[in-house]
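K.L.:
Here are the chains, one letter per residue:
Number of protein chains: 2
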Amino acid sequence: MFGVTILGNNSALPAYDRHPTAQVVTLDQFQFLVDCGEGTQMQLARYKIRRSRINHIFISHLHGDHYFGLPGLITSMGLLGRDTDLHLYAPPELKPIIDLILSAADTKFGYTLHFHPLDKEGVLVDNAKFSVETFHVYHRIQCWGFIFREKKKPRKINKQAITPYHLNATQYESLKSGEDVTTDTGEVVLNETVTVANTPVRSYAYCADTLHNPTLADKVKHVTMVYHETTYLKGLEERASQRFHSTTHQAADIALKANAGRLLIGHFSSKYEELNDFLEEAREVFPTTDLAIEGVTYRIL
Amino acid sequence: MFGVTILGNNSALPAYDRHPTAQVVTLDQFQFLVDCGEGTQMQLARYKIRRSRINHIFISHLHGDHYFGLPGLITSMGLLGRDTDLHLYAPPELKPIIDLILSAADTKFGYTLHFHPLDKEGVLVDNAKFSVETFHVYHRIQCWGFIFREKKKPRKINKQAITPYHLNATQYESLKSGEDVTTDTGEVVLNETVTVANTPVRSYAYCADTLHNPTLADKVKHVTMVYHETTYLKGLEERASQRFHSTTHQAADIALKANAGRLLIGHFSSKYEELNDFLEEAREVFPTTDLAIEGVTYRIL
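Top to bottom, those sequences are chains A and B. Using UniProt numbering, you'd call the opening residue of the first sequence number 1 and step up by one each time. Using UniProt numbering, you'd call the opening residue of the second sequence number 1 and step up by one each time.
Simulated from the structure, these hints should not be mistaken for laboratory data. Treat each hint with caution, since some may be false.
Identical chains blur together in the list; that is why a pair holds if it fits in one copy or across any two.
Each computed SDA-like pair below joins lysine to any residue, with the alpha-carbon atoms no more than 25 Å apart [stated by the list, open to error]:
(1) Lys-108 <-> Lys-271
(2) Lys-95 <-> Phe-109
(3) Lys-176 <-> Leu-80
(4) Lys-271 <-> Arg-53
(5) Lys-271 <-> Arg-51
(6) Lys-95 <-> Ser-131
(7) Lys-108 <-> Pro-96
(8) Lys-108 <-> Ile-98
(9) Lys-48 <-> Glu-294
For reference, chain A alone in the conformation it holds in the complex (with noise of 0.2 Å):
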């Protein structure tokens, strides 16, 4: 399973029982925890997503509506007597705000917390599952984005068409990572010939608090679904910019020069009650548009 679960959906100021922003990101048995407003500790219970499963967090910028809920769960993370390692990757002012936080509290982690400054662009994790990487994005303060993929997917081998090769285990990786073998006695056996192509390979692009800027759309290139915030309904584009956010039209444009498969909005300003005419503005641009709901999981396909 690839889906990303939306426990904040809303701007700085909670209304509505709508929360600052957090997202999880599962990719098979991995958790991602994006952002961690205020309260979204009680959002993971809420919601019934373990804490113990999430092992990376990515905090995007230090505005608190993006954060103030990570104090409170590291150290519940804490109490529970998590022993764990866990991967803080965040601008770097975070990392002396936690040492006094905890210092304050004569706290200590029975697990490791690892921070991970963001300071550029690139790939934050690599590994044979899945890779992230980050990417600026363009609000009041510095600001990232993230990018979750999977890895490339083996080819798919038609058993039926090797049996005559009687290939050993090397032959049949070589195959499956799509190159031709050369069996034992001399017989080239083309690709192509005995395998098929395995699903796209899925990503997720989360662009955190942005102005409008066409070149985000280069960075978010082709992703199979990306989140952009939508703070504002389209007519207050001039507001927007004063407060380094977007509109609907503005994110479904982004979405559109990606060539994105789907689009998700969030990030509601606490002056709109309802939030349909986020959606219908954002379909008028770009059709493949959901609204962040807290609560859902918007599965990657």
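Knowing the structure of chain A, use the given hints to seat chain B on it.
P.N.:
For chain B alone, coordinates are given in the frame of chain A:
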């Protein structure tokens, strides 16, 4: 009205929709926030308490479940355009934490935040309407309790009884403050012949997180209502002591020794889903006990 509204009654780990510690003390037009666990701003909204009326915040100690909601609350006050001064009374180590958080967010408030470091027992606020005192309690890190007291009320004048004396305003005020007065014609009016005592001065003591320590009873002597934590049920005195917390019987013992009017108990461990045993056990020792239930206002009478 003099009362306390409970916003959070749970100990460190939020559970069963119970929240970390926060209380609002209301005294006529004044509202005081006492501790500010994560989610306090949402709890204030849920129970329709206006943030704008809170001008004084008291933080007992720097364990996260007593203040992790503070950065979010004071940031939201700024976003909502507050321009009234806010007074924050807290352990001194909180100041650099707040400064770093505001600096990282590049946030400046449109109001003045006065930070008053807690460093000795005594009076924190003293005006015509009320006083607030602080006192040491006994926790793993430095921790403070608070007593909120009405000011002594003027005696009530029997208007019929003073009519013959044709008193001026100064003489009238002297009678209210309990003095005898001499009229312009030299006649002495004995205070007790024309006034009666007003209702007694009421007080509320908040004992924060603490070990059982009978000397605490001296510090909260004769208060109208005392809040004392009961993290555990009786029988767990050893665990309570190891963790610098108290049990039901220990809290009730303090209320009894202090000769308090009523006892309010809270800070329940997340190991307990049901709270009835807390009430029953405390009442075995101190019958006029109530459970601190979120959303409920307990009047101090």
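K.L.:
All hints are to be evaluated individually against the structure, with a verdict given for each.
P.N.:
Structure-based check of each hint:
1. Taking identical chains as interchangeable, the C-alpha atoms of Lys-108 and Lys-271 lie at most 25 Å apart only when they sit on different chains, with a minimum of 22 Å there against 41 Å within one chain.
2. When the C-alpha separation of Lys-95 and Phe-109 is checked against a cutoff of 25 Å, the pair qualifies both within a copy, at 15 Å, and between copies, at 23 Å.
3. Taking the shortest Cα distances, Lys-176 and Leu-80 never come within 25 Å of each other, neither inside one copy (43 Å) nor across copies (58 Å).
4. Taking the closest pair of Cα atoms, Lys-271 and Arg-53 come within 25 Å of each other only across two copies (21 Å); inside a single copy the shortest separation is 35 Å, beyond that limit.
5. Taking CA atoms no more than 25 Å apart as the test, Lys-271 paired with Arg-51 passes between copies only; the shortest distance there is 17 Å, against 32 Å inside one copy.
6. Taking the closest pair of Cα atoms, Lys-95 and Ser-131 come within 25 Å of each other only inside a single copy of the chain (24 Å); across copies the shortest separation is 39 Å, beyond that limit.
7. When the C-alpha separation of Lys-108 and Pro-96 is checked against a cutoff of 25 Å, the pair qualifies both within a copy, at 15 Å, and between copies, at 20 Å.
8. In the homo-oligomer, the alpha carbons of Lys-108 and Ile-98 lie at most 25 Å apart both inside one protomer (12 Å) and across protomers (21 Å), since each shortest distance falls under that limit.
9. Taking CA atoms no more than 25 Å apart as the test, Lys-48 paired with Glu-294 passes in both settings, with 13 Å inside one copy and 22 Å between copies.
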